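Given next are the chains, with one letter for each unit.
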Amino acid sequence: MVEVTLMINGKEIKARKGAMVLEAAQSAGIHIPTLCHHEELTPYGACRLCTVEIIKGKKSRLVTSCTYPVEDGLVVKTESERVMKGRKILLELILARWHIDKAIELDHWPWTAKALLENYGLEQTRFQENTTMCILCGLCVRYCAEVKKANVLGFVGRGIKRQVVIYPELAVKVCPTCQGGKMGCSFVCPTGVIPNDFACIALYGSKKIPLAYPVREYDQDNIREILRSVGDS
Amino acid sequence: MTKLGSTADLEKLRKQILSKRDPKKSCIIICSGTGCKASGCDRVSVAFREELEKQNLVEKVDVRTTGCPGFCERGPIVVIQPEGIFYQLVEAKDVGEIVSETVLNKRIIDRLLYNDPQTGHKIVLEKEVPFYKRQKRILMDSNSLIDPVKIEDYLAIGGYSALVKVLFEMKPEQVIDTIKQSGLRGRGGAGFPTGVKWESCRRADGDMKYVIVNADEGDPGAFANRGLLEGNPHSVLEGLIIGAYAIGSHEGFVYVRQEYPLAVENTEIAIRQLEEYGLLGKNILGSEFDFKVTIHRGAGAFVSGESSALMTAIEGKVGEPQPKYIHTVVKGIWGRPSCLNNVETWATVPAIINNGVDWFNSIGTKGSKGTKIFSLVGKVNNTGLVEVPMGMTLREIIYEIGGGIPNGKKFKAVQTGGPSGGCIPEKYLNLPVDFDELAKAGSMMGSGGMIIMDEDTCMVDTAKYFANFLADESCGKCIPCREGLYQMLQILNRICEGEGKEGDIDLLEEIAEMVRDFSLCQLGATASNPVLSTIKYFREEYEAHIKTKRCPAFTCKKLVSYYIDPKKCQACLICQKNCPVEAISGGKRLVHIVDQVKCTKCGTCFEVCPARFSAVTRLSGEGVPKSVPAGTEIVRRGGG
Amino acid sequence: MVQNPPKTDGIIGKYEGDGSALIQVLLELQRENQWLSRDVLRMVSQRLGVPLIQVYHVATFYKAFNLVPRGRHVVVVCLGTACHVRGAPRLLDKVIENLKIKPGETSKDLRFSLDTVNCLGCCALGPMIVVDGNYHGKISSSQVEKILSSYT
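As given, the protein sequences belong to chains Z, F and U, one line each in that order. Sequential numbering of the first sequence, starting at 35, is according to my numbering. Sequential numbering of the second sequence, starting at 12, is according to my numbering. Sequential numbering of the third sequence, starting at 4, is according to my numbering.
One or more of the hints may lead you astray.
Computed list of lysine to aspartate or glutamate pairs in EDC-like fashion (alpha-carbon distance at most 16 Å, straight line) [said to hold, decoys possible]:
#: 1; chain 1: F; residue 1: 547; chain 2: F; residue 2: 618
#: 2; chain 1: F; residue 1: 637; chain 2: F; residue 2: 593
#: 3; chain 1: F; residue 1: 612; chain 2: U; residue 2: 100
#: 4; chain 1: F; residue 1: 48; chain 2: U; residue 2: 135
#: 5; chain 1: Z; residue 1: 195; chain 2: Z; residue 2: 157
#: 6; chain 1: F; residue 1: 558; chain 2: F; residue 2: 515
#: 7; chain 1: Z; residue 1: 119; chain 2: F; residue 2: 520
#: 8; chain 1: F; residue 1: 14; chain 2: F; residue 2: 299
#: 9; chain 1: U; residue 1: 66; chain 2: F; residue 2: 448
#: 10; chain 1: Z; residue 1: 119; chain 2: Z; residue 2: 87
#: 11; chain 1: F; residue 1: 14; chain 2: F; residue 2: 286
#: 12; chain 1: F; residue 1: 71; chain 2: F; residue 2: 33
#: 13; chain 1: F; residue 1: 48; chain 2: F; residue 2: 158
#: 14; chain 1: F; residue 1: 104; chain 2: F; residue 2: 53
#: 15; chain 1: Z; residue 1: 195; chain 2: F; residue 2: 483
#: 16; chain 1: Z; residue 1: 119; chain 2: F; residue 2: 517
#: 17; chain 1: F; residue 1: 421; chain 2: F; residue 2: 448
#: 18; chain 1: F; residue 1: 612; chain 2: U; residue 2: 96
#: 19; chain 1: Z; residue 1: 119; chain 2: F; residue 2: 524
#: 20; chain 1: F; residue 1: 176; chain 2: F; residue 2: 20
#: 21; chain 1: F; residue 1: 14; chain 2: F; residue 2: 301
#: 22; chain 1: Z; residue 1: 122; chain 2: F; residue 2: 521
#: 23; chain 1: F; residue 1: 438; chain 2: F; residue 2: 448
#: 24; chain 1: Z; residue 1: 111; chain 2: Z; residue 2: 57
#: 25; chain 1: U; residue 1: 141; chain 2: F; residue 2: 158
#: 26; chain 1: Z; residue 1: 51; chain 2: Z; residue 2: 74
#: 27; chain 1: F; residue 1: 328; chain 2: U; residue 2: 100
#: 28; chain 1: U; residue 1: 111; chain 2: U; residue 2: 96
#: 29; chain 1: F; residue 1: 568; chain 2: F; residue 2: 508
#: 30; chain 1: F; residue 1: 569; chain 2: U; residue 2: 96
#: 31; chain 1: Z; residue 1: 119; chain 2: F; residue 2: 299
#: 32; chain 1: Z; residue 1: 122; chain 2: F; residue 2: 524
#: 33; chain 1: Z; residue 1: 122; chain 2: F; residue 2: 520
#: 34; chain 1: F; residue 1: 588; chain 2: U; residue 2: 148
#: 35; chain 1: F; residue 1: 420; chain 2: F; residue 2: 483
#: 36; chain 1: F; residue 1: 568; chain 2: U; residue 2: 96
#: 37; chain 1: F; residue 1: 303; chain 2: F; residue 2: 287
Some chain U residues near chain Z, calculated using beta-carbon distances under 10 Å [claimed, not checked]:
#: 38; residue: 18
#: 39; residue: 45
#: 40; residue: 54
The set of hints was computed from the structure by calculation and includes no laboratory data. Predicted model only: the values in this text are computed from it and were never measured. Ideal placement from N, C-alpha and C gives every residue a C-beta, glycine not left out.
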């Protein structure tokens, strides 16, 4: 195994070549908060919480530690001023979508949302709330695709209209035998949006019933009307 | 078309083509780019062809439809060669006269000439038109000489001689060296040294490599790439094949946005013609170099123009940017080395090969060599495409070439670099256009959009416009861009609707900094530029909106009221008739009064009130005066 | 429902099994049928060998695709920066008022569909609306009604 040596928060760390900075930090006991990261899934780099400051020569930049490969001589700061300042606002934005007092305590997460927020001295968000409780971390979608290889959950739309949806005709076939609650979409969801009896709801036929709020079929009133008028429903 | 098996075949063909062309023969050149099409140039072309048939002149006079020469404000444009007589704003009804008078009898039709507003004189010849004269058109000039769907036209002006030189007289490393020495920097926005990019791609591991033309010009207000790709697709393709040879790639893609149907069509035709002639495919001209190109159409997403997103889209997946710490020149499409460059970058390559490094180095500044095509639009007299040497000042471009601000209005700001750029105020008008200079001023070169704003443009509304655009185009994958831009937009909306609060500007700056530092791709990272640059240079406008609920440019609807001055109103009934919500009362000889409750602030009354009365006023940040009682008679104004 | 089965079949057949052609296939189907029905999307998923979630993500990510039938006439208002500076928002308001639908929607009588686009590349002629591919440039709000009423 080829090893590289890098500095994280002033500590000299050895890591295998090809590993990401996040992995190197975690194995050295240095904590970096994450949300969309999971050992069984390919790094996604979407939540940006694991952002750290790296210094190469005279230049410093901010990168996500889950996708940045380790390098010899790399200097990493996981809690520099720039990082902390930005991370706080990032958390406030997440908070605007995810009501902290409604979050379910999930034992298998290394941290709870409350603990993280306390760390940054946050109680409320200054932003206009857009609470849907799904923070679009993509863990459920990626787990279903990469581990279960079922592709029952997916993304639709873009920007703020992006959401996770389920395809009922696939769900009916797959979900009843999947152990989503033990090691699947329901298990990896950090906000607890996907209820544990998910599979049972899907069993109720291929009718387009909205499943766990806000995981629902992508639809709009104008669309429904028009489709009905051309006989496609 | 017979396949060309060697350079000798190509030269023979070129000679053949030239021998059939008489430079002294009359030729009517009609611009048929998308802009002129929108102005009705097709009707003009049809009229010319019909007229020539009618007058039995089809053998004696040629008609050539070309791509966009750039002077879009004055289209449809017709140039009569060989004299080079320039006619603008031509309509189908002018055609008969043009043929009889100018083509046959060499007489000028005065009313169709361009009148230079600065001198008051009419200009006869195309090369004397100030708009063109002050430019340096190393790329755009060819647009008026060739019909983009006829490869023969491109060959007639020396096309593909650069390719021949490269394939038979230069080694790939030599080509890369030439481009490196030329100092060419990417014209897509980032300005990365092209030669260095090609070199990294060549050195990357892997046998299969790709070259890509990024024609996904999504910056609203920029259409330089459209002009080039529609008008001269061969120049881009020639550059692409040269680059492929230098890098060692045998497959290329042209990614064009589907909003440019003419560019897609013309490129498809060009590729087909190249394949028929054997200038694409296996063993090009006997050089043993194989290369093929396919077109990929975009489907309406600005973010897919980002290089990693574009490559993901070519793979058939959703065009979302990927975390990119390993460069795409090393791992791009399907994990293979991929070199992506902008349309303009590729089009510049043949010119450099043909004319040499020293020639290219002599144009531009120390850090930015060559020329750049800008789409000069907005509140400027001469809107269109302008190609200028790097180093020309903004003032020269806007006033000397652009002809200044229309309607006697005052210049306020120039926005460069599209949604990733910033607004530059008047005090920086002497800035030279140069990658580094524009970046220092808080903006960037971008793909060439240059939007001029005058005193009637609200800078807060402009920031809101860009935030809205970016929020709409954001792929939504990462939290900073998706949530951050959304929240910034909410704050800007509130400010423009008169609900701005103390602390809003600071909050905007805080979010903007985080979005800039934490976003996954450059869309998010540069999204803060419009907001931060307008706060930096026009903070007083933000403060007016927030503190006194005033919009100095009278743009933000909710902060503007329309009031008819009872002393000026002449009861002409025009505003009343045009008001879409019947909010204006009054009648013949009775003062017209706007019902402030019903008024939707559409501004129609302000637009239609005759200038000699100018009775409708716009108010902002102050209360509307109490209206006179209904039924008050007007004060008839004396005089003629 | 699958619109125009033989044509649709022909288009998909050209790219059979080629997942990387997903966007191009959908563009051709969109151009041919004006919209993409659920059944067509499922067909594309099966025959190109692409997971349904990917087909739907692509179909909802890009502005070019419609998952709803379109009106007989498509009205596009350009909201590019140059057009914006020349008053495009006011123009859009007028069009919305006239057609009584919002961007992205189709009128109930299937007469009109309204879209906005972020730049058509004809900035010198802004503000601009395009109806059925016919460009109308440099227009003011007062001309909107006349232009739209000519399209039945």
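Okay, the hints, checked on the actual structure:
no. : hint          : verdict
1   : F:547 x F:618 : 32 Å, violated
2   : F:637 x F:593 : 20 Å, violated
3   : F:612 x U:100 : 14 Å, holds
4   : F:48 x U:135  : 14 Å, holds
5   : Z:195 x Z:157 : 26 Å, violated
6   : F:558 x F:515 : 11 Å, holds
7   : Z:119 x F:520 : 12 Å, holds
8   : F:14 x F:299  : 15 Å, holds
9   : U:66 x F:448  : 35 Å, violated
10  : Z:119 x Z:87  : 12 Å, holds
11  : F:14 x F:286  : 8 Å, holds
12  : F:71 x F:33   : 11 Å, holds
13  : F:48 x F:158  : 15 Å, holds
14  : F:104 x F:53  : 13 Å, holds
15  : Z:195 x F:483 : 9 Å, holds
16  : Z:119 x F:517 : 14 Å, holds
17  : F:421 x F:448 : 24 Å, violated
18  : F:612 x U:96  : 11 Å, holds
19  : Z:119 x F:524 : 10 Å, holds
20  : F:176 x F:20  : 15 Å, holds
21  : F:14 x F:301  : 14 Å, holds
22  : Z:122 x F:521 : 11 Å, holds
23  : F:438 x F:448 : 14 Å, holds
24  : Z:111 x Z:57  : 15 Å, holds
25  : U:141 x F:158 : 27 Å, violated
26  : Z:51 x Z:74   : 19 Å, violated
27  : F:328 x U:100 : 37 Å, violated
28  : U:111 x U:96  : 19 Å, violated
29  : F:568 x F:508 : 8 Å, holds
30  : F:569 x U:96  : 14 Å, holds
31  : Z:119 x F:299 : 58 Å, violated
32  : Z:122 x F:524 : 12 Å, holds
33  : Z:122 x F:520 : 14 Å, holds
34  : F:588 x U:148 : 14 Å, holds
35  : F:420 x F:483 : 32 Å, violated
36  : F:568 x U:96  : 12 Å, holds
37  : F:303 x F:287 : 12 Å, holds
38  : 18            : 20 Å, violated
39  : 45            : 9 Å, holds
40  : 54            : 4 Å, holds
Hints 1, 2, 5, 9, 17, 25, 26, 27, 28, 31, 35 and 38 from the list above are not met by this structure, while the remaining hints are.
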